Amino acid sequence: MEFVGKVSKFAGEKDGYVYTRNGNPTISVSEHRVAMLQGGVEAMTPMSGHAAQLCYTGALVNMHSFG
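Using the working numbering, the first residue of the sequence shown is number 1, and each one after it goes up by one.
Hint data in this document are derived by calculation from the structure and do not stem from the laboratory. Treat the numbers as computed from the prediction; the structure is a model and nothing was measured.
Simulated restraints on C-beta separations:
| no. | residue 1 | residue 2 | range |
| --- | --- | --- | --- |
| 1 | 39 | 61 | 22 to 32 Å |
| 2 | 14 | 64 | 36 to 46 Å |
| 3 | 4 | 56 | 37 to 47 Å |
| 4 | 57 | 26 | 18 to 28 Å |
| 5 | 24 | 50 | 12 to 22 Å |
Ideal Cβ positions, reconstructed from N, Cα and C, are used throughout, including at glycine.
With the hints as constraints, model all of the structure from the sequences given.
The following block contains the structure:
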């Protein structure tokens, strides 16, 4: 894809995927399937191991705060 086409997709002016850490069909499908398996509406897939650790730690802190 040419540069101008990618810029317009990043700007939200054109529909479609630009393969980055977020916003690609593989991630969208996996999030949708995880949500279905868990009986939920949406799911979030961390894009790196560090992001996953941060989400997990944040969830533990929130459970401890409210529990």
